[in-house]
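Protein chains in written order, with my numbering: chain D, 1 to 627; chain P, 1001 to 1082.
Calculated directly from the structure, the hints in this document are not laboratory data.
A virtual CB, placed ideally from N, CA and C, is assigned to each residue, including glycine.
There could be a bad hint or two in this list.
Some residues of chain D that are not near chain P, with every Cβ distance over 12 Å (derived) [stated by the list, open to error]:
hint, residue
1, 3
2, 78
3, 244
4, 248
5, 252
Here are the in silico distance ranges between beta carbons for each label pair [said to hold, decoys possible]:
hint, chain 1, residue 1, chain 2, residue 2, range
6, D, 57, P, 1035, 34 to 40 Å
7, P, 1038, D, 427, 58 to 64 Å
8, D, 286, P, 1042, 50 to 56 Å
9, D, 100, P, 1042, 16 to 22 Å
Over the 10 Å line for every Cβ pair with chain P, so calculated as not near, a few chain D residues [to be verified]:
hint, residue
10, 30
11, 144
12, 190
13, 237
14, 241
15, 318
Residues per chain, in single letters:
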Amino acid sequence: MHDLPWLLKSADDFNERCARLLNHASPGAEARLLANYALSINQSNRLYQTIQQSGPEKRAALSRNLIPFRLGIVGNATMDLMIPSMVVAALRNGIDLEVIAADFGQAAQEAFDPASKLNQSNLDAVLLALDYRAYSFPVNEPGYSGKNNTVLDAFKYLQQIRESFALNGKMICIVQTLACPPYDLSGNLDAQLDGLLRKSVNAFNSILTENIKKSADVLFDVAALANVVGTHQWFDERQWYMSRVPMANRYIPLYADYLAKLLAAIRGKSKKCLVLDLDNTLWGGVIGDDGLEGIQIGQGHPVGESFLAIQQWAKSLKALGVILAVCSKNDKAVALEAFQKHPGMLLKESDFAVFMANWEDKASNVRKIAEILNIGMDAMVFVDDNPAEREIIRIMIPEISVPELPKDPSQFLRVLCAARYFEKIDFTADDAQRNAQYADNARRQAMLQKAPGLTDYLISLEMKIHFAPFNETGRKRIVQLINKTNQFNLTTRRYTEADVLGFEKSDRYLTLQVHLQDKFGDNGMISVVICKNANDDYWEIDTWLMSCRVIKRRVEDAICDELVAIARSNGIEKLRGYYRPTEKNKLVKNHYQQLGFELISSNDLEDIWEIKTEHYQPKHPPIAIQT
Amino acid sequence: MHQDKAAILDQLKLIFQDTFVDSNLTFSIDTSRDDVAEWDSLSHIRLLTAIEASFDVQFDLEEIVNMTTVATIVDLLYEKLN
């Protein structure tokens, strides 16, 4: 997997395209196209150097439409070789990455000193790139019976570093599990005997994986990655002895890509929707030609089992919160027959939020799917065995992810999983409900066609809204919404779990998590508001965002009524709202105007709106408040 | 795979150009580490990885340590490939 087989091999003219990048008409788009190839470490280095050489104007053009992320790195090994690959992998995953690396072997110093480079650099997160060599495990002392539990000691050392970075640098830590080097002393005893490295590493990884759930820090499971690669491949003695390179150079692009996907997940940019072809993707054969009896799917047949594995994968992803859609060139009735009648099928029609089977071109169909689901095409993955279809989609819709697939369907699953499109840092109740919510939404849309007027429609929805301040139960979903909401987002401020915890605990902040139900189902948490008490005279609305699923339902009216009521009861005279324009949030340019606020200042960066709480006219939309 | 030293040198030139982004790279059989500013210990690792991938060979630790001139690399590759 070192050559990232789900990505296209790079074009022959890669070097020339790099040379011309800064003079390109759209350098940002071109840079993303280049980053989307399976680049070697030298190619990543070339692209990285080109980007680094650009002046501030070109830099801004290159990072437009990317989400910024400032990452610190501490490690017990040479990390410099990885930085170009990390920046390029981040670009590939929609992130504008800035790396601030500490000097070699300075993890503790950087953490414990509040004035350290990393603690002073206003970072979003710090990567603790510590491998087994960073900890004081006994190096293969069989029957070690020292008075300390060395695994717990090692974990406590890590904890101190994590807590110090949180306290001194106000950032979350990305913490690595440990790959075990292939130097077993005895064999099967190594996992069992205290004092042998494998036992220590297994115990350490176990404690870390359990503990990290209770914190705002994020796990980077390097042990799992080294496992998939194989530790004989992962570790390269020559490179370690020569230059303290922690893993074989050839795996740096893979490590970098997985790190970038983790950062994207922290920023809510993982893929949300899987669009699947049918013929030779979900079953063997072409149903239009081979008929129901001719397609291969199900247990007991080698080819059928390969495709069954893909169906199982899709079904499991759905349970994880990924939306499934079909996009197939087939007669719809013919395609559906397989789902309705073939005994070997695992997936059902009801597993899909959208089922497009027709003879139109796939690009138009994919765009329609995005429209119906109201998600960006950069949140979608398109899986098709046919290289020609893949190519057209890549050209027509560059934002969508299209994995290359090997010829042998029995190998599809391992490549699709290696591509890690659906990385997540947590799993919430909303995720479990997501497909149901999208199906509910489709029914609401259908109702909209029948209702005579908008007000009647809204009343007929029987909406119930619930307000609460930020709390532990809602925290992870709050962080998710903050990081992935782009359209209905007034200021697009991105916060980590550590920041959200800070708002929750501070008495200078008024926070709201808003839940909405209606007669079709529970929409879950759909809006987040953060107000800062600026000076007891007015509150600043630092953050106001809402899920696109509930736009045009006057939910914002209900929220504004609640916000003003709370402000009044706290003796606050004014509310100030801010609009910071981005590529994606033009939708809310007039949000405060529509609520009755007055514009008090405006420039390219920000519009500031204000209202006196005593002058506010409550809107009373047809939404019942649930206490 | 049977390759003569001239062919090896040509293939090596491409790898050097790929590894050292400097397009003004002077490269010949006489080039040594001192002649290339960018050829430090870290780019040495990148160079090594690229040569091993391109020629499908693997070098010993001692060979890597002694790889300080183009001439040495060409000789090593010639041995391994023939």
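Consistency of the hints with the structure:
1. 3: Per Cβ check, residue 3/D is inside 12 Å of chain P; nearest 9 Å; violated.
2. 78: violated (7 Å)
3. 244: violated (10 Å)
4. 248: Label violated. Min Cβ-Cβ 8 Å, cutoff 12 Å.
5. 252: Since the minimum Cβ distance to chain P is about 9 Å, residue 252/D lies within 12 Å and the statement is violated.
6. 57/D <-> 1035/P: 34 to 40 Å: holds (36 Å)
7. 1038/P <-> 427/D: 58 to 64 Å: Because 46 Å falls outside the window, the suggested range is violated.
8. 286/D <-> 1042/P: 50 to 56 Å: holds (51 Å)
9. 100/D <-> 1042/P: 16 to 22 Å: holds (18 Å)
10. 30: Holds, since 18 Å exceeds 10 Å.
11. 144: holds (30 Å)
12. 190: Residue 190/D clear of chain P: closest Cβ-Cβ about 25 Å, beyond 10 Å.
13. 237: Since the minimum Cβ distance to chain P is about 7 Å, residue 237/D lies within 10 Å and the statement is violated.
14. 241: violated (6 Å)
15. 318: Non-interface label stands for residue 318/D: nearest chain P Cβ at 39 Å, farther than 10 Å.
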